[in-house]
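A.B. asks: Work out the full structure, taking the sequences as your base and the hints as a guide.
The listed protein sequences correspond, in order, to chains X and V. Per our numbering, residue 355 is the first one in the first sequence, and the count goes up by one each step. Per our numbering, residue 5 is the first one in the second sequence, and the count goes up by one each step.
Treat each hint with caution, since some may be false.
Pairs of lysine-lysine, DSBU-like flavour, derived with a Cα cap of 30 Å [what the hints assert, rightly or not]:
1) V/Lys124 x X/Lys764
2) X/Lys524 x V/Lys23
3) V/Lys23 x X/Lys749
4) X/Lys735 x V/Lys26
5) V/Lys64 x X/Lys746
6) X/Lys415 x X/Lys385
7) X/Lys746 x V/Lys124
8) V/Lys17 x X/Lys788
9) V/Lys17 x X/Lys749
10) X/Lys746 x V/Lys17
11) V/Lys17 x X/Lys764
12) X/Lys735 x V/Lys17
13) X/Lys784 x V/Lys23
14) V/Lys112 x V/Lys140
15) X/Lys735 x V/Lys64
16) V/Lys64 x X/Lys524
17) X/Lys746 x V/Lys23
18) X/Lys784 x V/Lys17
19) V/Lys112 x X/Lys735
20) V/Lys29 x X/Lys749
21) X/Lys764 x V/Lys23
22) V/Lys124 x X/Lys735
23) X/Lys527 x V/Lys64
24) X/Lys764 x V/Lys29
25) X/Lys735 x V/Lys23
Think of the hints as simulated: they come from the structure by calculation, not from any bench. All figures in this text were calculated on a predicted structure; none of them were measured in a lab.
One-letter residues, chain by chain:
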Amino acid sequence: MTDERFFNAEEAYSRSELEALQQERLRATVKHCMNSPFYRERFRSAGLSQDDIRSLDDLHKIPFTTKQDLRDTYPFGIASVPLGDCTRLHSSSGTTGNPTVILHTARDLDQWANAVARCLWMVGCRPDDVFQNTSGYGMFTGGLGFQYGAEKLGMLTVPAAAGNTLRQLKFFKDFRTTVVHAIPSYAARLYEVMCQQGIDPRRDLSLRTLVIGAEPHSEDTRRRIEDMLGVKAYNSFGMSEMMGPGVAFECPGQNGMHIWEDYFIVEIVDPVTLEPVPDGEVGELVLTTINREAMPLLRYRTRDLTRILPGECPCGRVHRRLDRMKGRSDDMIILKGVNIFPIQIEQVLMQFSELATDYLITLQTLDDNDGMTVEVEISEKVLTDDYSALQKLEKEITRCLRDEILITPKVRLVPFGSIPKSEGKAVRVKDLRKQY
Amino acid sequence: MTIHQLSVFLENKSGTLVKVLKLLKQENIQLIASTIADTAEYGICRIICSEPARAFNVLKSAGVAVTLTEVFALQLDDVPGRAADAIEIFSNEGISIAYLYSFLLGGKGVLIFRTDNADKARDAIVRNNLRAVPEKDLSELI
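C.D. replies: Right, dumping it as structure tokens:
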């Protein structure tokens, strides 16, 4: 590439070039899917033939694929290639049924690494950077996914993996790490331990760029993490079903994540009617992979709620932008008949400078009455001598939450650092309600 | 005129207070006085101790939610009615007491308190010749 901004030529495509490529890849993918027993049967029962899918306008004829389909065909039933052609397998945990398995060929892995490298290049990572990955390795795609992407770009890549915070900080210092991948709650934890160790990230470390994802968080949380660590933090979106990280990523404009439309066809649908919604409106993200071999997925319902940001991006990429995830269509809390998304609560809490970034929502039944308790960590800067000020703070948080979610929660202030951090995705909601 | 006090925010669950006290014990820091104000969910433990600045750093680096605050410490004769006389002075000047506790040290009563107006309180103490306890005297009296 002659243009330093882009890692791949496809980033600079015009809308019509991109759509021509999408159409060609969609037809090839559908044809290839006829090797999958699952999709052959799906098409047959829908009375559909591969020749019915000729252009992007025909996409809507294809039935949706769901997580349940992945579970029902566990482990290899959706694959479109023989197992002998696969070189890697990733799997999600099976806490709510069969785990799901995602297979990759060597080409899939190479294309995945390319997508991650493209994302990192976009936010200014270059081969002379040092990239430290604090994500769990193993089955979780945030480990190997970023590892291979960062290596593809040519960075010195440190597979520090999750946990052992003191060692992470030592590596930051000793290896002069410039780019870090961490989930937002762990980024806050890193700062907490830096404070305890007397490390000033601006003075003592070389950190410049932070990649955050895998956990819904508000804009305020991002700004707060940027202030703490003295970095620019970029949102990353991925899911193992699509490959892993690298599906969508923010550009330096930090306003929405470009989804790579040479890899995926994007639809946003109403989660109830499953009809498409116009750009700008929130709905469920539905993705079709058009650049995968082992296990392409057609019209996969991600359960993630988001919207397409209308308008062009000043960065010059026509790949459309997804807004930050608004939660999942299946992690919505229904309390006393009211629909609540945890992100609504987070947005309220982050307006209080007296609070740290961690919180825990507990739903429980008391005297046959369902209620919500929100535990919030007070920030290190809060003066703990003034009892009436603490009480006032508690009341103010309660009032703001009630205005947002229309239910009065019980707010509990807890000391900084006392809410347990998980090292994968943070658990923000505990449901201890009696089931009737 | 003021001395340093630690204010520790404690969750109301077993083991939180002992954690704080053990940290001070390990560092050989001695308590001179302490008091806990509690609610159902959390409490504030206020502590006067030897070497308050070092105690603050010890607790802070162990992740304890602690603030170092300045409070007034008045020495009173060990005679009935001295506390009433002292508080009356503040009351007459329209100064409110946010919290107050007292203890005996070396045969003298010591009154610890915070007011809603530190400048006015300081002024009242000087004009009425009340005896403020210097911080170094506290540790010497232990």
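A.B. asks: Confirm or reject each hint.
C.D. replies: Status of the hints after comparison with the structure:
no.: 1; hint: V/Lys124 x X/Lys764; result: violated (38 Å)
no.: 2; hint: X/Lys524 x V/Lys23; result: holds (28 Å)
no.: 3; hint: V/Lys23 x X/Lys749; result: holds (29 Å)
no.: 4; hint: X/Lys735 x V/Lys26; result: holds (24 Å)
no.: 5; hint: V/Lys64 x X/Lys746; result: holds (24 Å)
no.: 6; hint: X/Lys415 x X/Lys385; result: holds (15 Å)
no.: 7; hint: X/Lys746 x V/Lys124; result: holds (25 Å)
no.: 8; hint: V/Lys17 x X/Lys788; result: holds (24 Å)
no.: 9; hint: V/Lys17 x X/Lys749; result: holds (22 Å)
no.: 10; hint: X/Lys746 x V/Lys17; result: holds (22 Å)
no.: 11; hint: V/Lys17 x X/Lys764; result: holds (17 Å)
no.: 12; hint: X/Lys735 x V/Lys17; result: holds (23 Å)
no.: 13; hint: X/Lys784 x V/Lys23; result: holds (27 Å)
no.: 14; hint: V/Lys112 x V/Lys140; result: holds (16 Å)
no.: 15; hint: X/Lys735 x V/Lys64; result: holds (11 Å)
no.: 16; hint: V/Lys64 x X/Lys524; result: holds (21 Å)
no.: 17; hint: X/Lys746 x V/Lys23; result: holds (27 Å)
no.: 18; hint: X/Lys784 x V/Lys17; result: holds (19 Å)
no.: 19; hint: V/Lys112 x X/Lys735; result: violated (36 Å)
no.: 20; hint: V/Lys29 x X/Lys749; result: violated (36 Å)
no.: 21; hint: X/Lys764 x V/Lys23; result: holds (27 Å)
no.: 22; hint: V/Lys124 x X/Lys735; result: holds (27 Å)
no.: 23; hint: X/Lys527 x V/Lys64; result: holds (23 Å)
no.: 24; hint: X/Lys764 x V/Lys29; result: violated (36 Å)
no.: 25; hint: X/Lys735 x V/Lys23; result: holds (21 Å)
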